[in-house]
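Each protein sequence line maps, in turn, to chains Z and C. With the numbering used here applied, the first sequence has no gaps in its numbers, which climb one by one up to 299 at the end. With the numbering used here applied, the second sequence has no gaps in its numbers, which climb one by one up to 260 at the end.
Simulated from the structure, these hints should not be mistaken for lab results.
Once the Cα atoms are required to be at most 25 Å apart in a straight line, the calculated DMTMM-like pairs of lysine to aspartate or glutamate come out as:
| hint | chain 1 | residue 1 | chain 2 | residue 2 |
| --- | --- | --- | --- | --- |
| 1 | Z | Lys252 | C | Asp156 |
| 2 | C | Lys171 | Z | Glu284 |
| 3 | Z | Lys287 | C | Asp178 |
| 4 | Z | Lys228 | C | Glu204 |
As the structure is a prediction and not an experimental result, all values here were calculated from the model.
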Amino acid sequence: MSFDRGKTTITLINGQCFVWNSKQARFLREELRIVGTLCGSLPRAPMQNTHLGLPLQLMPEEVTLLLEKGLAEVVENTEDVITEEMKLEYKNKEKKSYKRQVELYTRERQEEIKRKLPQIIAGKKAKRNKVLDERRKNGEIIDDSEFEKEIEMTVEDVGIPTLQEASMLMEIPLACDPSTTTPVLVKWTYPKSDKEVLRYRVFRDLWDKGHYLTSGSKFGGDFIAYPGDPSRFHSLFIVVCKPHSASISGIELITMGRLGTNVKKTIVLSSVDENDKLCYTSLQWTGIS
Amino acid sequence: MTFKVYMDMCEDKGWWNVKCHACKQLSVVFLSGHASRNKPRDLVLPVSVGDSFSQETLHKYLHTIKLEGYQSDSVILALSADDGSTVYFKVTEGLVLPEPPEMTDWKKYRREERLNLQRQHVTLQRQQYTEYQQKQQQQHKQQQAPEHSLHTDVP
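Pulled out of the complex, with its shape left as it was, chain Z reads as follows (with noise of 0.2 Å):
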């Protein structure tokens, strides 16, 4: 399967939406205001979560964004299937390899018995002179020239141990091997419900009006827009995206409020009205105090 070269790769693992490529992550951000949360480790300093790198985690509205666009295809590796053929071959892999790795093992042993053989020889030596020696003292009455004696031996005479078949090297492939998945196109269907609806309709509007736009989760709404880059700015609004005659209690508008002017932005609430028209109502306290 071919895909454009132009349009940005979203792999989609378990539901969720990332992009590996760091040039399209960079060209993502700078060109088109879409800013994502990185969430991976950084190769070279794994052990904190300061900053992040690669892959670059999308919202779904995001997505939804670039493929209406046009600017993005949304894929899924799926693994191949393995088939019995594949099986046997990596068998007969392994069995070839383990006898080269014998061959090559008792090879390996006999050159290091040759260059260790005179040492070999007089270690024996030693050894029999000591048993000789502890028969002498027993009482029995032994030559002087048994002492002297040489021990004959050949290589062959010294024993090799069989390499077992679980001690055998084992290959590891450091390189990622491509071909056990294939990337396969995935038809996007965000957004289906009404709050989906409703929640895509705000984030385009507001993208569309030239703010970034981040998920509101660490304030409590649907949104933080920023009038600039994220890494640069203080966001100014917290979206919350609620149906239009959705009920809201006066406590929560309190909640709302007070939480707004705590962190220094505006809380605007928003929704879709009767005339399919987007309204924005801003929070705000009056600072009477």
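For this one, chain Z is given, so just place chain C on it according to the hints.
Positioned in the frame of chain Z, the structure of chain C alone reads:
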């Protein structure tokens, strides 16, 4: 409830020229006043904390609560509880930028200055009162003392 908010605004918050108005379309009473002499008039709608609102109703308020010949694009909701404590929140249509941090810092500074002034004023008043009291006591003593001597003179 409107009365409680009215009292709160006048006495506690010290607003100027607080007036009462009626909105026939929604059959509610609302207030208007200035926060201080220089600020523009604000429209205040007293509501109960137990009430529930929807964005639809908020927009209705914004569009129907109006004073004749006065343009205002925001309404202040005065949410009052049973015990009379009120919180004021400004509701505006559209996206309104929050106050920049310089403004909030300056306002804080102004508020603190005002409080300090009040404290100074109170301590000054207390000083003056205690001085006055002391003077009174002295005068009283002086009056009593000569009377006493008169009595002793007479055998």
